[in-house]
Amino acid sequence: MAMPIDAVPAEATLASGLAAIAERLIRSTVQIHAGKVGAGSGVIWQADGLIVTNAHVAREPARVALPDGRAMKGRVLAWDRASDLAAIAVDAHDLPAVVVGDSGALRVGELVVAVGHALGLPAAITAGVIHALPPRGRQTGLIRADLKLAPGNSGGPLADAEGRVIGINTMIADGLGCAVPSRMVRRFLASVPSEASSNR
Amino acid sequence: MNTLLSLSNGLAAAVEAVAPSVVAVNARPRLPSTGIHWRPGIVVTADHTVRADEDITITRSDGHTTPATLAGRDPGTDLAVLRVSDADFPTAPVGDPGTLHVGHLVLAVGYGPRVSWGVVSALSGRWRTGRGAEVDQLLRLDVTLYPGFSGGPLVDAEGRVVGVNSSGLSRQLELAIPATTVSRIADELLEKGRVARGFLGVGLHAVPLPEAWSRALPTPAEIGLMVVSLQPDGPAGSAGVMLGDVLVAIDGVAVPSSDDVQRAVGARPVGSPVTATILRGGSPKEIRITLGERPARRRH
Chain A
1 MAMPIDAVPA EATLASGLAA IAERLIRSTV QIHAGKVGAG SGVIWQADGL
51 IVTNAHVARE PARVALPDGR AMKGRVLAWD RASDLAAIAV DAHDLPAVVV
101 GDSGALRVGE LVVAVGHALG LPAAITAGVI HALPPRGRQT GLIRADLKLA
151 PGNSGGPLAD AEGRVIGINT MIADGLGCAV PSRMVRRFLA SVPSEASSNR
Chain B
201 MNTLLSLSNG LAAAVEAVAP SVVAVNARPR LPSTGIHWRP GIVVTADHTV
251 RADEDITITR SDGHTTPATL AGRDPGTDLA VLRVSDADFP TAPVGDPGTL
301 HVGHLVLAVG YGPRVSWGVV SALSGRWRTG RGAEVDQLLR LDVTLYPGFS
351 GGPLVDAEGR VVGVNSSGLS RQLELAIPAT TVSRIADELL EKGRVARGFL
401 GVGLHAVPLP EAWSRALPTP AEIGLMVVSL QPDGPAGSAG VMLGDVLVAI
451 DGVAVPSSDD VQRAVGARPV GSPVTATILR GGSPKEIRIT LGERPARRRH
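If you're matching them up, the sequences are chains A and B in order.
For the first sequence, the residue numbers in my numbering are 1 to 200.
For the second sequence, the residue numbers in my numbering are 201 to 500.
Honestly, the hints are just simulated from the structure, not real lab data.
Please read all numbers here as calculations on a predicted model, not as lab measurements.
Each statement offered as a hint is correct.
Every beta carbon over 10 Å from chain A, so not counted as near; a handful from chain B, in silico:
no., residue
1, Leu300
2, Ser370
3, Val428
Simulated restraints, written as ranges between beta carbons of each label pair:
no., chain 1, residue 1, chain 2, residue 2, range
4, A, Gly137, B, Arg230, 20 to 28 Å
5, A, Gly141, B, Leu231, 18 to 26 Å
6, A, Ala190, B, Gly325, 55 to 63 Å
7, A, Ala190, B, Ala252, 45 to 53 Å
8, A, Arg138, B, Thr266, 22 to 30 Å
9, B, Leu373, A, Ile26, 30 to 38 Å
Ideal Cβ positions, reconstructed from N, Cα and C, are used throughout, including at glycine.
Hey, can you work out the whole structure from these sequences and the hints?
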């Protein structure tokens, strides 16, 4: 059963609200070591062991370090180089999954928070605002955020002011953080063959 | 609603309040810059981004591109003013930069819209830019000005435009020209096409004066400004000022710093005469200088 995700309390101050979101995101962000590619991050998408990350992070054999200290072998279910997304399964059924938001409802200027195992630091937080959005109606294109990503953030979550994941951080361009919108993640997951996830 | 969420919504609303008045200015190769629809038909942008004098266009937030003509430019404040005939779009909600405090959240907005956020990192009173222009307030930002952001609005948390961002005013610092100065310069550019500032054509360095030199002056002074560089054909050079002369007063008013010199000549019209009191070899001397105009910055 999925662990309940606490909402940010209505009376939260700026600082406590941000801390609550950070804590929630850190619980759902894994570290991925894959072959010689080095470490990246991943997002616990479903409590039954489905992890979403970047295609450039996910390589077999993938070792997945959970925030609770457990380390597991990850099986790459599918990956798509064009969207730089990958789905990994780990053998667990009790994981704290993220709440997924709708990237189509984002507004330029709104607050965003990213978590990642940046530069080897476990679960580093960075906060900023949405810098620019892909043109309306376009099926592809990245969310750009004015915050400080670092190598190792790849595959980790970008969340809104309510802690809902609206993107997967994927690269840094001109100092901006770039994330694959959650709508693209949903489309990608819909294309993942069901037999690959039948044991979940 | 929790504070974090209302802040987030507030920031997004601030962007939406100004975005319709923010345009792309197409006046240089490759990368457009940003402009603000300041008053009906008047767009303000950063002078250093307007490389061309002609064939300028602006692109509105709805994607509509329309021609613009250069009404004037002021390299001193790095501002340029454009006229657009097709002005059927909102003007910016211009606010009062006097309400800003150090630590206030601010947004920088580029055409698109694209946004960066940060805080006001320092504020102080009137200052002079490296090119002699007086600015009402020093507005230093801890905000990233991304490529193409110059000429765009600095926006407060309530969605009001409090300044114009420019990376052309300082190599190191992120600065904005406060809205009050922008309006004043825009008025002058629309009226005269340029902002002329009196200019001497000298480089000065403050030096303590020996007591004997000081005593020789009609009004004793402790500090003088030694001429350490000189444009030979510049206003001071052609009036007979020499390297090594020590400037102590302009029109009888002591000038213990180069800021005082700027103040004494910057506001004077080009072509007006001033009397400089100098010390040459310890003896006071008065030289009449006809102020020239600060040369335009070379654009490339």
